[in-house]
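Visitor: First to last, the protein sequences are chains C and U.
Numbering-wise, the first sequence is residues 1 to 254 according to UniProt numbering.
Numbering-wise, the second sequence is residues 1 to 405 according to UniProt numbering.
Just so you know, these hints were derived from the structure itself, not from any lab.
Here the structure is a predicted model, which means the values were calculated and not measured.
Hints are supplied without guarantee of correctness; some may be wrong.
[As the list claims (entries may be wrong)] Calculated pairs, DSSO-like style, for lysine-lysine (alpha carbon to alpha carbon, straight line, at most 30 Å): (1) Lys197(U) / Lys130(U); (2) Lys401(U) / Lys199(U); (3) Lys52(C) / Lys199(U); (4) Lys54(C) / Lys201(C); (5) Lys130(U) / Lys202(C); (6) Lys62(U) / Lys50(C); (7) Lys55(C) / Lys299(U); (8) Lys160(C) / Lys58(C); (9) Lys62(U) / Lys199(C).
[Stated by the list, open to error] Label pairs and their calculated CB-CB ranges: (10) Thr97(C) / Glu315(U): 32 to 42 Å; (11) Ala139(C) / Val366(U): 28 to 38 Å; (12) Ser91(C) / Asp140(U): 40 to 50 Å; (13) Val223(C) / Lys55(U): 43 to 53 Å.
[Stated by the list, open to error] A few chain C residues that face chain U, going by a derived Cβ cut-off under 8 Å, partial list only: (14) Tyr191; (15) Ala192; (16) Pro195.
Note that the Cβ used here is the ideal one computed from N, Cα and C, for glycine as well.
One letter stands for each residue in the lines below.
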Amino acid sequence: MSGRVLVGVKRVIDYAVKIRVKPDNTGVVTDGVKHSMNPFCEIAVEEAVKLKEKKLVKEVVAVSCGPQQSQETIRTALAMGADRGIHVEVSGNDYETLGPLQVSKIMAALAKKEDAQIIILGKQAIDDDCNQTGQMTAALLDWPQGTFASEVTLDGDKIKVVREIDGGLETIKINTPAVLTADLRLNTPRYATLPNIMKAKKKKIANVKPADLGVNLTSKLEVLRVEDPPQRQAGMKVETVEDLVGKLKESGKV
Amino acid sequence: MSALFKARKVLAVCLHGSRSLSQLAELPETHQLLRQTCRDFADRELAPIAAMLDKEHVYPAKQIKELGTMGVMAMEVPEELGGAGMDYLAYSLAVEEISRGCASTGVVVSVNNSLYIGPILKFGTEEQKKQWISPFTAGDKVGCFALSEPGNGSDAGAASTTAHQEGEEWLLNGTKAWITNSWDASATVVFATTDKKLKHKGISAFLIPMPYPGLSLGKKEDKLGIRASSTANIILEDCRIPLNNMLGPRGAGFKIAMQTLDSGRIGIAAQALGIAQASLDCAADYAHKRTAFGAPIGKLQAIQFKLADMAVAIESARLLTWKASLLRDAKKVFTKEAAMAKLAASEAATFCSHQAIQILGGMGYVTDMPAERHYRDARITEIYEGTSEIQRLVIAGQILKEYQS
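Okay, chain U solo, but in the shape it has when bound:
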């Protein structure tokens, strides 16, 4: 490559980089308006009922339908297919604001957008997109993503669910575990082994409607947090689906899952940010109002240091999340950044919710204040869509690749 050609390439990257950087400093007007709209919705429609949804394990069907009407349930989907046609930066803003009101609603939105619609949008045929995406944009139907099994979560390559071709059908057998949205979903993306000898390259992706003969649901898990969203096993017993229900090429399942999770991590990072921010809001408000030793506790340095640490954790994780989104929107590789965002945001959520209870003292421990619910909701963000340990492996893998001589 000539020096001039190289220089032009560097200039192009710099110019593009500076446009992205200014978006990190101040969001474009549409994104600001979108963020405000989602925040208003979360404040008025979600926050007032979040405690009840959590206590009674109620799926927020009405609110999900409203979010569907707003376009939030299919943000990246082109308008022709019924979506909002927006970018991932907009998506991460929306999920953060929704989760700030109700973390359970946030995960329902994130799973539908990133884990269910995401892979179909990227790997599906035009016909599959019409059949499996368009009906899932309005909020009356949501989808789910079935990768984990009782025998393997992080070890996704060891899928023991099988799919055999029998004539003009696929026959699926096996059990999937920890499936978010399962009890409320109308379809699922399922990963099953089609060629055991090829190990992780022998896994394929399939689309199954729900309910469906041969597909049944296990009991709803009784969880520590995000209780308004349903989690259960999906059991496949001689489940027969048409051949063209395969998503993407045969053997591409593992690749599809990994790429889908890259984007899903941005969604979960955003959810964790919402929980962390809600914790900070709660704690800072309390610090103004609660008096001890003759003054509001916000005057005490011990409290101030906590608030500062919380704010820094949130803002750094938020910038990582926005950067991952901007890279994805610019069609650049974003695997490392998405993993960093999810790691930082989930650890920020557990840190901030922990500190919020500490600042609230006894009040943080009772259900009268939302702090205890944020604490319970935050915990799962370090586990699902890739544990913090897996995120570290992903990041390290990318770093070592960069430094390879």
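So that you can see chain C by itself, here it is in the shape it has in the complex:
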């Protein structure tokens, strides 16, 4: 039992930034735009650090896949309390096409290499909203998964997970090793303390290439076009319920 937790952290455009689509409709503008750690990844890091503080796990390793700047995201995780980081270097075209399938292959390979007990990821990233990486990683490893977690309790070699689902809350018990994905109400991430920011400087970030992990990054997806959501049209007022039903039928909505 390694007691090691792998936490995935993704560098995304900051949630407060107003997104602009590139004039050529191939994507969104990222140059010079403020980036930060995906909010759900922050929650994942917080949960892992909490487990370590309760002495239920021994080591928290923060992983990020991306270009040079992903190291900043790992540093933030280290400042929150992760012990060390792994930067999987992906840049250029590979980074443009990097998606859940590729990342889950990388996470699975790392989990085996690092002998991880638990993988905690954010439930989804706020840029692509895929909500797939956790699930795919579990499938590739043939590990159980506790997704949309709003409460995690370690119980010997099992984990009790309360999941937020459409109908309410579902409680499951899964064996370790396992993959968990963090939902909004799992915890409130801490602000890094200044002493931890100083300590983070000394913590190690290992550099790894996807090829070293035997992972092929080719994507079978091609982005055809990115465009703004349609402008909201003006509504109209009607006098009676009959008018309303009539209008709905007219426009084919009913």
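Since the structure of chain C is already known, use the hints to place chain U on it.
Guide: For chain U alone, kept in the frame of chain C given last:
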């Protein structure tokens, strides 16, 4: 001195200077991370409540406690004493970002760090540091600095508060005025005359817990700005404190106060920068959104010139503040630079907040937008911890010394 020895000294200064200069161009990674953390905290925890704190004059106890947990309330204090063990450059970055969210919170942080903990860290005994600093690092207790009196602010040498030794105690009498944090503080550094004949060399510094018999507070001042921080008189009536509550040697009070204010000026410069930056943020955002004459007003040169002037004022004051911090961190004399930073930053704050209201027009005058609060918050930065006039005297004094043949 031989020419070679002189040359080596010059080289050492140049090399050190170039390291400091590159820090002015791009901050070290830890400082960038620290700055971002404080900015996130200010955006999420302070900015949303700043208007309410100001309107209702509420001390941000919860937020100060959180800042304490982060290490921001005792940034320079070594870790063994419960602090963050960081340098003054980090401190000035933190205070700027905090003040950008809420100027009142910024002054509470600055006073605790520079004016209360500062002199104890520099002049206190090991025992005094443990007793008077360690409990004040976590944000649940803050301190204050009592120098000004109703009869003297700039004229600090004329302290009329007295301290007489009676047996194994000091007996203090007098009134201190305009004391920031007073109503929320758990201790104060007080300056009192121990030997009137020695004039300013007869002033000593003392530490008094709060509340304490013989120490009472005047009414909370109803201020124009920084309303979430409390300001009041501290009244000492036959206040008896143990002999070892004296801070530093007898008669060193004036020197302690002046040296403490040198560092405090960097903190207030940082606070003023935060207010100025918040004003620029508000104005520039408005310039994009507000349309007049068929286009966003940011297209008009009159507005553009204002924004440019604001940005230059802020950036120059910021670089002065960083330089003063770097000099202090390198244990060099920084009196002139600290005074320049405080002067430039406070004048930038009043200028930028004034222009921000101008750019916002009518919207700048109402409480719906933060511009009016920045205007009110900025004004005090030209007054406390040394008026702009005093800063000019300090700077001129240093310059004349440099040019003395």
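Visitor: So, for every hint listed, does it hold in this structure?
Guide: Status of the hints after comparison with the structure:
| no. | hint | in the structure |
| --- | --- | --- |
| 1 | Lys197(U) / Lys130(U) | violated (34 Å) |
| 2 | Lys401(U) / Lys199(U) | holds (24 Å) |
| 3 | Lys52(C) / Lys199(U) | violated (59 Å) |
| 4 | Lys54(C) / Lys201(C) | holds (24 Å) |
| 5 | Lys130(U) / Lys202(C) | holds (28 Å) |
| 6 | Lys62(U) / Lys50(C) | holds (22 Å) |
| 7 | Lys55(C) / Lys299(U) | violated (58 Å) |
| 8 | Lys160(C) / Lys58(C) | holds (19 Å) |
| 9 | Lys62(U) / Lys199(C) | holds (26 Å) |
| 10 | Thr97(C) / Glu315(U): 32 to 42 Å | holds (40 Å) |
| 11 | Ala139(C) / Val366(U): 28 to 38 Å | violated (57 Å) |
| 12 | Ser91(C) / Asp140(U): 40 to 50 Å | holds (47 Å) |
| 13 | Val223(C) / Lys55(U): 43 to 53 Å | holds (49 Å) |
| 14 | Tyr191 | holds (5 Å) |
| 15 | Ala192 | holds (5 Å) |
| 16 | Pro195 | holds (5 Å) |
Hints 1, 3, 7 and 11 from the list above are not met by this structure, while the remaining hints are.
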